[in-house]
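Visitor: One line per chain: the protein sequences are Z and W, in this order. For the first sequence, position 134 matches number 128 in my numbering, and the numbering has no gaps at all. Positions in the second sequence are counted from 1; adding 770 to them yields my numbering.
So, partial list: chain Z residues that the calculated Cβ filter (under 7 Å) puts toward chain W:
(1) 132
(2) 235
(3) 239
Straight line, CA to CA, 30 Å or less: simulated DSS-like cross-link-like pairs of lysine-lysine:
(4) Z/231 - Z/260
(5) W/1271 - Z/231
(6) Z/68 - W/1143
(7) W/1271 - Z/253
(8) W/1112 - Z/70
(9) Z/231 - W/1229
(10) W/802 - W/813
What the hints contain is simulated information worked out from the structure, not anything from laboratory work. Nothing here was measured: the structure is a model prediction, and the numbers come from that model. Ideal Cβ positions, reconstructed from N, Cα and C, are used throughout, including at glycine.
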Amino acid sequence: MKAKVCILRTAGTNCDAETDVAFHLAGAETELVHIQQLISNKINLSDYHILAIPGGFSYGDDISAGILLAVEMKHKLRNTLEQFVSDNKLIIGICNGFQVLVRTGLLPGIGNNSSQENTEIAQQTTLAMNTSSRFECRWVDLVTQLSPCVFTKEIRSSIYLPVAHAEGRFTASTDVLTELEANQQIVFRYGNRSNSFSDRTNYPHNPNGSDADIAGICDTTGRIFGLMPHPERYLTKWNHPRWTRESLPDEGDGLAIFKNAVEYVKVNFS
Amino acid sequence: MSNKVNEFQILNADDDELMQISREGTLSLNLKEMQTIQTHFSKLQRNPTDVELETIAQTWSEHCVHKTFKCIILYSEEGKETEKIEGLFPTYIQRATEEIDKPWCVSVFSDNAGIIEFDDTYNLVFKVETHNHPSAIEPYGGAGTGIGGVIRDSLGTGLGAKPILNTDVFCFGLPDMPYDELPKGTLHPKRVFKGVVSGVRDYGNRMGIPTANGAILFDSRYTANPLVFCGNVGLIPRNRCDKSVEPGDLVVAVGGRTGRDGIHGATFSSAELDDTSENLGSVVQIGNPIMEKKIVDALLQARDRNLYRSITDCGAGGFSSAVGEMGAEIGAEVHLERVPLKYDGLAPWEIWLSEAQERMVIAVPPENIETLKDICEAEMVEATVLGNFTDSHRLQVFYEDEIVGDLDMDFLHKGLPQHIKEAIWRLPQHKEMPSRDNDIDNYTDDLLRLLASPNIASKESVIRQYDHEVQGGMVIKPLVGVENDGPSDACVTTPVIGSEKAVIVANGINPKYSDVDPYLSAASAIDEALRNITAVGGTLEKTALLDNFCWGNPDKPDRLGELVRAAKACYDIATAYGTPFISGKDSLYNEYHDTTTGEQRAIPSTLLISAICVMSDVRNAVTMDVKSPGNLIYIVGNTYTEMGGSHYYGLHGFIGNTAPVVRPEEGKLTMDALSDVINSGLVRSCHDCSEGGIGVAAAEMAFSGGYGMSLNLENIPTGERITSDDFLLFSESNSRFLVEIEKQNQDSFENRMVDVPIGCLGTVTETPEFIITGLSDKRIIEGSIDILKSAWQTPLHT
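Kindly generate the complete structure, drawing on both the sequences and the hints.
Guide: As structure tokens, then:
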């Protein structure tokens, strides 16, 4: 069975086209779906296996990044989303999508599974303004952590992707950080090639000042995944900033993330 | 007549009164134009309404109709007979394109942007605009709406192009200018710089368009008149490039609501600034990029379903100019009370003229209106029927069922009186600077100072604030090299992901040479833009140009003389290189009048040339960072003693008289041959020689690649005898490149470049030392690449 991907759009979404290409290259069937189409029930989320929330500036990131789309999803699509999650389907949020997932509380979602009926899913962490106080676009090394994340299964120990954001500093209380660590929910940390990825990572290798160098996390099941870097922007070697001087594989580091998702659907939903 | 409409009493006005009406209404109409309007309305035996006179003023403004580029010019040069030029635009720009006659030019100078062919499915559109006056007063809003406006130009070309790339070029005053020297009523260059960058960043990033090419220049003469050039490239299906309007089609406004923002923007930008201009806050518009994104999302769907026949953006002059232009050949009728407003209280003429942002006008056949409205509703965008196109050949404006404006389309679009302007050109004489070879031991310090000068120093802190990766197609980024921080010559992007077909965008701009001769400045700007295209793997054969002139007051004969010089160069050099102009724009009256001192300051005559090239295989692209120790460094192209306007002279307080000449026969041969060797894979890196000459270019290649270089000036091919090290090092002669070649390819490279002057200067070294040996066998530059790089990176770091 071909994996079906719902690529969610709203006003200000702007990485939908390349996310669409990425899932296509990974072998999925995709559709760009405006959130109004889900809210009005013109399109059913249950027809899809994967929900992708791409990058952009949803509703201008007014108030703060991702918050308005998160509120809309929580209040207008709550049951739909809960059903989607309990059907063991996949959700990925990239950049603005990650910000949305964090603000809905779907990530890190500690304790969400045990929560009572009708309790509010709470936001436990945030993605705050970069320590540089501004938008930055640069390529970063990511160190893959041991985690249950479906999207990064058997991925290389370190990969290279671009970030482009102003609000990407992952921040959480010590308790939450400890729990993330214990649950192996940290999927990617920013690293520093020249430091052989040891120690804490300094700016600009950690581009936004994230706590514990966290670049991406998953929920405890590994089926909901959010990250600030953009895997859809490194699909072939021609995307790499140094392809003119390094020998690189033809396939970009980002593609494996989409392939893993498609493979999961193939194994679990056929 | 509605009490919300006033008449301008012009019928019985004398000349003084006519000019008073023009001035007090910020109409920017001159006496001859006011008299022409008076005569027209005398025949009608009535005074014009405010809606009518304002509409004419917008339509006839320099900003909208480019009078200076179309008027007759009597041009005199010392010792020569006066020349009568029947319009700079037809004579030098349009004619160049016609004579070059490239079959891949799809639409030039007629639509909101130029269109060229891309592949079997798509064409490309490209437009560059300026937003100078607004950015001087309110940098953030001015620059943001500048980029917003040019994106709408792409969306308003053909039946609408998808924006795929932004370019931005800024000219500011010196960032370290003392506050007490600031002209009255102007903002400090640093504040303008910060505001402009933030404005462009926030608009472009939110729209999801990569900003991947640009330049930032500094000169004290830009303090009161900063320049903000914003460009956009769009991708459009080949079968969506034509537009038409038919009587009965609905006039539909799509996008944001109308408020009092930006009234008189077009006429305001057609006047000089002074210390009271800062009070004109309402002429600057307010941007909302998310609204614009929604419009793009909605209209591209409507375009693909063929729901409308024509589209244009509401830019300068608002609805008055958008509807006036679309209906120029047939007529239109508009009902202003239907326009959705941000707030109550707007007079009809304000609704009609408002330059509120993020609005498009489309011509919709009535049978499609419901489908169109559905699409807009789904994307949360307002679409409102304002009226319809007619066959009356009149522009008829109603407000609450009363006619408040009724203009003959012919008079509106063809009634502008022909102007004759005088232009004078006199070659200035500047002091020359002798070579400093006998005075100093080495030029290491000069090189460090050049690298650290704001015009040359790294712009990384700005570039990183722009998202240059969004849309996933950027293949050669603005920053390249081992640490991703070297200065790329051009950007290369693949708008169709998975295809090897690519677009290269580059620019050239040399206002310093204008101090010597604007002809050389313009010629060099074209050469520089083409060098940048060539350096990354493009070809002249597939390159088109855009011209953006920013000048002082063209009513002053000396300013206009400089404009004539530059226009002549555009024709000469573009035809010689075979690279057509496909679009252009001018922004004149960039002058500041200091009412306390009476001083009049004009900007340096500034021509920005933007170049766009279609590259057939992106895999052949190269970058400017050196790749491996042991490789050979060649100079390609002749060096001349052309120090006039150079950064080296500038460093020592000189201008000089011999600015770089363009020798297009030599230049074309060089660039064609180099394109050929690059596309054959023989070149490991390539960098054009521009600001700071060979010295700066070689240093940038070395530290961007993380290796040293050992070079000797001895083998530099020269077009004339040059015996001074500093002139060889820092001359800014055109059509030159530095290239890196592997030793094993030395013979094939030299064989293929046999018709081009080349010289092997030395090698890339493992040791990170940058060493240049002069003609007398002495080390004239010696320094570690880390020190050079840090000199280049530090000045504009924050």
